[in-house]
Amino acid sequence: MLTIIHGDDIAASRKYFTEARDKEPDAQIVDGEKVSLTDLAQLLEGGGLFAETKTIFIEQFFARKKKKEEFAALSSYLEKNAESNTTIIWEGKELDRSSLGLLKTATPRLFKLPQTLFLFLDSLKPGNGKQLISLFHQTIETTEAEMVFFMLVR
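Residue numbers for the sequence shown follow my numbering, beginning at -8 and rising by one.
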């Protein structure tokens, strides 16, 4: 199984990623910016006595600008081993269709920021207190408080 976790809501996607990682105590965590084909082969085909399927968590696989041939080799290797192993990839941004198309067998999980956050930010103006307070409470229910604060500062 190959899963790609991505989206604008970094807090929610990262929380989902860490919860999945915590459920698998024997999983391997790989830095996607430094991973090579040799590293993946050792992790997926390395000798374990009893474990038949292996779980690998890769962070920021699409972030680093890899050579086209190297990235194609890594992608095809991940797809080839997707049925026998579990690979979960986390990206800190929303990926476009071309990036998602490189891993055709992957299941994408998109985490978007809720629209109430943007409605709240757009309603920030003098004399709009009642609507602002109700939108603030709606936003806090669905979004982390830190993300609301970050967007206010931004």
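It is possible that some hints are incorrect.
[To be verified] Pairs of lysine-lysine, BS3-like flavour, derived with a Cα cap of 27 Å:
hint, residue 1, residue 2
1, Lys71, Lys25
2, Lys14, Lys121
3, Lys71, Lys45
4, Lys95, Lys121
5, Lys14, Lys58
6, Lys25, Lys95
7, Lys58, Lys6
8, Lys6, Lys95
9, Lys45, Lys116
10, Lys84, Lys14
11, Lys116, Lys14
12, Lys116, Lys103
13, Lys58, Lys95
The set of hints was computed from the structure by calculation and includes no laboratory data.
These numbers were taken from a predicted model, which means no experiment stands behind them.
Verification of the hints:
no.	hint	verdict
1	Lys71 with Lys25	holds, 20 Å
2	Lys14 with Lys121	violated, 43 Å
3	Lys71 with Lys45	holds, 14 Å
4	Lys95 with Lys121	violated, 48 Å
5	Lys14 with Lys58	violated, 33 Å
6	Lys25 with Lys95	holds, 23 Å
7	Lys58 with Lys6	violated, 30 Å
8	Lys6 with Lys95	holds, 25 Å
9	Lys45 with Lys116	violated, 53 Å
10	Lys84 with Lys14	holds, 24 Å
11	Lys116 with Lys14	violated, 45 Å
12	Lys116 with Lys103	holds, 25 Å
13	Lys58 with Lys95	holds, 19 Å
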